[in-house]
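J.: Residue numbers (this note's numbering), protein chains in the order written: chain A, 1 to 427; chain B, 1 to 427.
To spell it out: a stretch of chain B is covered by chain A in this simulated footprint if at least three of its residues, at any positions, have a beta carbon under 8 Å from a beta carbon of chain A; those stretches are: (1) 101-110; (2) 241-251; (3) 347-357; (4) 384-398; (5) 402-412.
If you want the ones that stay clear, here's a sample from chain A, every Cβ over 12 Å from chain B, calculated: (6) Phe3; (7) Leu6; (8) Asp43; (9) Pro231; (10) Ser275.
Keep in mind that the hints were calculated from the coordinates and are not lab data.
From the three backbone atoms N, C-alpha and C, an ideal C-beta is built for every residue, glycine too.
Protein chains: 2
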Amino acid sequence: MLFAELAELSREQKERLLNRRRSHAEAEAAVRQILERVRRRGDEALLELTSELDGVELEEIRVPEEVLEEAPGTLQPEVLEALEVARAAIEDFHRKQVPEDWSCSSAGATLGMLHRPLDSVGCYVPGGRASYPSTVLMCAVPAALAGVPRIAVCTPPGRHGYPAPLTLAACRLAGVHEVYSIGGAQAVAALAYGTESIRRVEKIVGPGNIYVTLAKQLVSGEVATDMPAGPSEVLIIADASAEPELVALDMLAQAEHDPLAVCVLVSTSREVAESTLRALQEACKHAPGSAKEALEAGGAVLVARSIEEAVSFANRFAPEHLQIITQQDEQVLRMIRNAGSVFLGRYSPVACGDYASGTNHVLPTSGYARAYSGLSVHDFLKRITYQKLDPEGLERIARAAITLARAEGLEMHARSIEARLERRYHD
Amino acid sequence: MLFAELAELSREQKERLLNRRRSHAEAEAAVRQILERVRRRGDEALLELTSELDGVELEEIRVPEEVLEEAPGTLQPEVLEALEVARAAIEDFHRKQVPEDWSCSSAGATLGMLHRPLDSVGCYVPGGRASYPSTVLMCAVPAALAGVPRIAVCTPPGRHGYPAPLTLAACRLAGVHEVYSIGGAQAVAALAYGTESIRRVEKIVGPGNIYVTLAKQLVSGEVATDMPAGPSEVLIIADASAEPELVALDMLAQAEHDPLAVCVLVSTSREVAESTLRALQEACKHAPGSAKEALEAGGAVLVARSIEEAVSFANRFAPEHLQIITQQDEQVLRMIRNAGSVFLGRYSPVACGDYASGTNHVLPTSGYARAYSGLSVHDFLKRITYQKLDPEGLERIARAAITLARAEGLEMHARSIEARLERRYHD
Numbered sequence: 001m002l003f004a005e006l007a008e009l010s011r012e013q014k015e016r017l018l019n020r021r022r023s024h025a026e027a028e029a030a031v032r033q034i035l036e037r038v039r040r041r042g043d044e045a046l047l048e049l050t051s052e053l054d055g056v057e058l059e060e061i062r063v064p065e066e067v068l069e070e071a072p073g074t075l076q077p078e079v080l081e082a083l084e085v086a087r088a089a090i091e092d093f094h095r096k097q098v099p100e101d102w103s104c105s106s107a108g109a110t111l112g113m114l115h116r117p118l119d120s121v122g123c124y125v126p127g128g129r130a131s132y133p134s135t136v137l138m139c140a141v142p143a144a145l146a147g148v149p150r151i152a153v154c155t156p157p158g159r160h161g162y163p164a165p166l167t168l169a170a171c172r173l174a175g176v177h178e179v180y181s182i183g184g185a186q187a188v189a190a191l192a193y194g195t196e197s198i199r200r201v202e203k204i205v206g207p208g209n210i211y212v213t214l215a216k217q218l219v220s221g222e223v224a225t226d227m228p229a230g231p232s233e234v235l236i237i238a239d240a241s242a243e244p245e246l247v248a249l250d251m252l253a254q255a256e257h258d259p260l261a262v263c264v265l266v267s268t269s270r271e272v273a274e275s276t277l278r279a280l281q282e283a284c285k286h287a288p289g290s291a292k293e294a295l296e297a298g299g300a301v302l303v304a305r306s307i308e309e310a311v312s313f314a315n316r317f318a319p320e321h322l323q324i325i326t327q328q329d330e331q332v333l334r335m336i337r338n339a340g341s342v343f344l345g346r347y348s349p350v351a352c353g354d355y356a357s358g359t360n361h362v363l364p365t366s367g368y369a370r371a372y373s374g375l376s377v378h379d380f381l382k383r384i385t386y387q388k389l390d391p392e393g394l395e396r397i398a399r400a401a402i403t404l405a406r407a408e409g410l411e412m413h414a415r416s417i418e419a420r421l422e423r424r425y426h427d
Numbered sequence: 001m002l003f004a005e006l007a008e009l010s011r012e013q014k015e016r017l018l019n020r021r022r023s024h025a026e027a028e029a030a031v032r033q034i035l036e037r038v039r040r041r042g043d044e045a046l047l048e049l050t051s052e053l054d055g056v057e058l059e060e061i062r063v064p065e066e067v068l069e070e071a072p073g074t075l076q077p078e079v080l081e082a083l084e085v086a087r088a089a090i091e092d093f094h095r096k097q098v099p100e101d102w103s104c105s106s107a108g109a110t111l112g113m114l115h116r117p118l119d120s121v122g123c124y125v126p127g128g129r130a131s132y133p134s135t136v137l138m139c140a141v142p143a144a145l146a147g148v149p150r151i152a153v154c155t156p157p158g159r160h161g162y163p164a165p166l167t168l169a170a171c172r173l174a175g176v177h178e179v180y181s182i183g184g185a186q187a188v189a190a191l192a193y194g195t196e197s198i199r200r201v202e203k204i205v206g207p208g209n210i211y212v213t214l215a216k217q218l219v220s221g222e223v224a225t226d227m228p229a230g231p232s233e234v235l236i237i238a239d240a241s242a243e244p245e246l247v248a249l250d251m252l253a254q255a256e257h258d259p260l261a262v263c264v265l266v267s268t269s270r271e272v273a274e275s276t277l278r279a280l281q282e283a284c285k286h287a288p289g290s291a292k293e294a295l296e297a298g299g300a301v302l303v304a305r306s307i308e309e310a311v312s313f314a315n316r317f318a319p320e321h322l323q324i325i326t327q328q329d330e331q332v333l334r335m336i337r338n339a340g341s342v343f344l345g346r347y348s349p350v351a352c353g354d355y356a357s358g359t360n361h362v363l364p365t366s367g368y369a370r371a372y373s374g375l376s377v378h379d380f381l382k383r384i385t386y387q388k389l390d391p392e393g394l395e396r397i398a399r400a401a402i403t404l405a406r407a408e409g410l411e412m413h414a415r416s417i418e419a420r421l422e423r424r425y426h427d
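Just chain A, same shape as in the assembly (with noise of 0.2 Å):
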């Protein structure tokens, strides 16, 4: 774990701090073959890597209806309480989102924009040893409220050919009927190009491991993709008045979800950097394997000498997941420019938000927030210009599009605009 005044960070030090993506040639040759092969021999090939992969065979690709209706009643009843808890929260904050259509009429003229839905969708939820049924309903709900009509779910198969119950009971409380029990770079093939059993769809979203996003990557000529992904991350803003052990167990979290996580603390105090640290060498005696790793290869504490300097450093760095502990949360809000989804205060951590405050935690990593912004309802719309001209309001802007056309050279553009002005003369 590094400890250092943020400062005093050497450039190889910050470089690696700020500059979070890697290559993976290794990885893409791999996708590129299953790619290939599911494009070529559709469902042959589906099975196939599952059983190479997954290690199931696989008796049917799509989980049937029935064993999606059941799915919630093999729950326990907290269990899908909480499920429908989250979901409720989701579709709350998702539907702020829904935009509404608008227009404007002046001098003969009407513009407008439309908002249509995507005809299908595809989502990913990663699975095998453990299942993330918040992830079906981080994807699923906005899709829904978007209107898209046809929204699939992605995910690896459990030990005995189905995914597990809790995923197959989110895909159910979210609407989802088309669930497929194939997970990897495969699954991404499928609903880039289709097979036998999986219609293509116009998108892609969820995360995934590495296999999963380098296939989203190489589809994405196919199809449309969500942000990029990378390994989880959070950056901790903290003042003097944050409590070491609660910053502590937040970046604990985030490094329990994958030995390459990115954990990093910058503390205007260097008695919160020097207790978070302690507090953090504690805790990785007893926490998974995964974690400590994480920790000790992507955890920082940092001491910056003011709020600005924590803030600059937190826009240069991007992270997915912003935590502000100060007692200015809402000023230091204000000066962020790039971050996935913000958390203030000591009562609002970041595991609130991945399951059941609303917002949704499909978010970019890797310093993608600097460009991307995370899972929306605004990814399953597109948005339709239109416009309407009465010869008044065409006879307005003629001469300006005729000027133009002409000056760059497009003299049919221009004949197509005349022509309707003569047209009106003789109205």
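Chain A is fixed; fit chain B onto it per the hints.
T.: Just chain B now, kept in the frame of chain A:
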């Protein structure tokens, strides 16, 4: 040119019309080399490539401020005025797209959505033989409205070094100070990787030829890009009320963009279809070679049995530009699911939207309108969610979040919430 009943198209004919994405394996190899040269050797490679590919020996990569300042004065007054009319219309329409931040509070939780501009954007503006000042406006005006502090334009040099005064004047009008005389894949490489003269940007937008498009695809792991682009397209839905000569002019206008342009009429009136075909054949005698080529290769006049059949085909086609010239334009518009931008009625030729009505002309082609939107202010903003819970708000969702965290096997997530609850009880 294809003339047929829509219902009688062969499988191959339909496939050719609907599946318009082409692979470009040869161009890709050349583009990869260009990207690599610029990545490794920066400015030196830019100068070499400009000499090799544009035949211009550049003395400086960046256009000096005084050359930009002088550009408007070198134009004919009516051209300058036309640029200003276009700029004002584009600004008007795009200002309406600027989203407001919002938040909502309930029972101890405040959740919200912020919008932040990207720190930097690169606009690619085609050029060389012709100049496209309109594209400068379409990219830079929305970026400026979004609040992007750094907007860089790359456009190919003219024969004597600097890009055309028309393009430079548009930059000046749009408030762009950073303009580089670099075009093609090398411009995309410079914007993505950075060179001594050109700092890298967070996102690259703007249309280009196949080299530019491929380059944008290949660098999309490094920087964000707008929608994939291909040759221009128009699909026109017309009933018996449409005037064949105007329809033919709109198709010709689209055809003159590119020998690979796609121009399709779907008419419920056989008479309108036949007359348009005749008008096109007649016009081809005088049309420039590229328009003739486009119409012969990519032109189609199709007869539909009903408006519904025409709309259904248009939705599958997902055209960049959709014209609707019928006696029920608004009803038809309501049925449209996939299109870049829509033009209603006989007085709304696509050429108006290309320049001066205010809508954006950077639009998804090749069927990408099924999943992508045209350029807008949203392309230059990130959405950042945030939340602030107080003890009451945390308590309301804590049980659900803790239950789901444990169900997903993420113990530290659960602990990070529980620890807050414990604090709360001792507050």
